[in-house]
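There are 2 protein chains.
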Amino acid sequence: MAHKVSPLAPASFPDLPAIGGVRFATVAAGVRYAGRTDVMLVDLAPGTVVAGTFTRSATRSAAVLDCQDKICGTGTGGAAILVNSGNSNAFTGRAGRESVAAITGAVAQEMGIDPARVFTSSTGVIGEPMPHERITARIGDLKAGLDPEGIGAAARAIMTTDTFPKGATRSVTVGGRTVRIAGIAKGSGMIAPDMATMLVYIFTDARIGRADLQALVSAATARTFNCITVDSDTSTSDTLLVAATGVSGVDVAGDAGFAGALEAVMLDLALQVVRDGEGAGKLIEVQVEGAADDADAFRVAMAIANSPLVKTAVAGEDANWGRVVMAVGKSGARADRDLLSIRFGDLWLARDGARAPDYSEDEASTYMKRQELVIGVDLGLGRGRARVWTCDLTHGYIDINADYRS
Amino acid sequence: MAHKVSPLAPASFPDLPAIGGVRFATVAAGVRYAGRTDVMLVDLAPGTVVAGTFTRSATRSAAVLDCQDKICGTGTGGAAILVNSGNSNAFTGRAGRESVAAITGAVAQEMGIDPARVFTSSTGVIGEPMPHERITARIGDLKAGLDPEGIGAAARAIMTTDTFPKGATRSVTVGGRTVRIAGIAKGSGMIAPDMATMLVYIFTDARIGRADLQALVSAATARTFNCITVDSDTSTSDTLLVAATGVSGVDVAGDAGFAGALEAVMLDLALQVVRDGEGAGKLIEVQVEGAADDADAFRVAMAIANSPLVKTAVAGEDANWGRVVMAVGKSGARADRDLLSIRFGDLWLARDGARAPDYSEDEASTYMKRQELVIGVDLGLGRGRARVWTCDLTHGYIDINADYRS
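Chains as they are written, first to last, in the numbering used here: chain C, 1 to 406; chain U, 1 to 406.
No lab work stands behind these hints: they were computed from the structure. Where is the CB? At the ideal position from N, CA and C, for every residue including glycine. Some hints could be false.
Taking CB as the label site, the calculated pair distances span [what the hints assert, rightly or not]: (1) C:Arg370 <-> U:Ala137: 35 to 45 Å; (2) C:Gly332 <-> U:Val5: 27 to 37 Å; (3) U:Ser360 <-> C:Glu133: 21 to 31 Å; (4) C:Gln68 <-> U:Asp352: 15 to 25 Å; (5) U:His395 <-> C:Glu372: 19 to 29 Å; (6) U:Asp352 <-> C:Glu372: 29 to 39 Å; (7) C:Asp293 <-> U:Gly73: 44 to 54 Å; (8) C:Gly332 <-> U:Asp114: 29 to 39 Å; (9) U:Ser360 <-> C:Leu65: 27 to 37 Å; (10) C:Asp293 <-> U:Arg383: 29 to 39 Å; (11) U:Ala253 <-> C:Gln68: 56 to 66 Å.
One chain only, chain C, in its complex shape (with noise of 0.2 Å):
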């Protein structure tokens, strides 16, 4: 399990701020693994709206269906985000339910607070049963270790095969006022999200209401989370919650600014889990425009950035630009051979259906040592457009899941 930390890793981990209204804690309850901290209690202040969304799978865990049946819950007292690493609680049937609503109970009666208001995830191994009982027995040591700055360490505590805790932040002025965000990601294989991604977590001092914040999540989900790919595998446990505690003060419903903020600190965090993409060497961000319509964009995008011919020439640093015209075909989107152009970064290696006149062997394997690619793709047909990001398809991607659960 032991992963040397991805080469595309931020340099550090960011220096996040304390959010009024949420305190973090997190132990060593050995749920799996020994010698780390694997679970994560987050406190939120009453009032603080949560909003979410997640994964589509048909085999999502327990504790996914749990957080939807609460999710558009009006609730106003205090609130909890419990996160265990290690074992999913997926495909456990009833006794994956039981456990769910152990945990939650637990924590309800500990804080003092609605069990519809306690959220929890759990990631690791499918089809496990789930210990529960390790984790029911140190809700007590979680409430004592809560502490405003605990974030970083509850970015640790729910890693899997992630090489780096991930964290981004934001402030934003609204009315001359200061609204701070701040969220938390693991994620690094199994990633093609449907709804969310992994589990996500996000913080923020805004005042907004329920609607309003998820309005502004599912938003931007679209534009963020679900446009990231590592492997085409879809996670059973994808989760993502926003919750805004409104301590600031400050009412931020309508306003654009805090919006782009919040999306940026969604962006940032999905692209660190490309960063961290199971044996990433480089990370490939895919520029789809001219196609029919946004759809076909997107369609065209991920057939791309799934393809794990496109993803291995990448590795290999081989401009093989004819694997992006495969991809590019197989996709299903609307597409005319002779209309296609394709380029990595700024040159041109396909122009108008055919190899560009002055296409540049050299110039095409000096850009492929970059750890940071483009590759653009214009269909020439419409107004269509999309943006998604992927990383290439290594030997560290087999070593890993080769062996993951030994």
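Here the structure of chain C is known, so what remains is to put chain U in place on it, guided by the hints.
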């Protein structure tokens, strides 16, 4: 390019019979490779009927487009098939179309047949200009070398990343007389056929009308080549041609024995393509039953067969059935988590939405050491069934594809 032979390869190339009315020739034309044959020519007797299926890629090659234009033709003179490896003539624009015209014209002239009866395929790098003059210069040599026994050499001439040549044969008795079928194929990566697959050429001395032959071929394609996947990437060049010379004088229209034998040859060749999947160490058969309908069963089977996480787990001999749960969940097919059961071979790992009560990690681990495995899924919903084949995802795949062009 010199990769060691797949551990899943058959012990030897089969002994293929001569088919009345069919002759083969090969040359080393230096299209791209040095020191090996790279062009094959097949001469087909007057009256030969040709049926085929082709890739549905939007960026299909010039040769595929030309074949599709010709496949419904009603000509009755001699016919020919010319195939080169080393260059796919895909995404080569107007120049690509001119290359096809030059090759088919030269073959027609040399053989004294109608250009509308000359079918070509090209396989290799995408997007490179096609040096067709290297091929047209050798048509006379090819004609001079035509040999009824040349099918094995032809199978070798069309290889690219293949580690072994692929051939299959069946014979069937119809009305007391023998009909022979023999076929060859190439394919190893970029395998996720969407109509036919790769390059496949099958010959028979049966007598049958074009519409009847096409109906047999289309139906069998759906159960054979369209049920295999190596890497979810669909080629721009997939072509399957079946030529019936009628030289046996045996009419096979409506004969179930002939239809079965033809499908058996197609399945045999399809499985050889999977056995030569790039980097393959294990052959995986995915069996899905209990789906709401056959389309859903196929969707689930392909989601499992294309999942990098399932394929790396098999490579690592890890009985990680939780990843099968994940693949079912992301497939988009109707599924009820609490009715889902999963087996590896005859070992039931999960029953009705949770780990099987008699689950044995030891037994499952022992099973995973086999070279050929079955992953079975019962969705518990209806009568829909599907069966597909794939291989594991190993370091070999990365090795081969990170340096294919160099």
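Taking the numbered hints from earlier one at a time, note which ones the structure violates and give those numbers from smallest to largest.
6, 7
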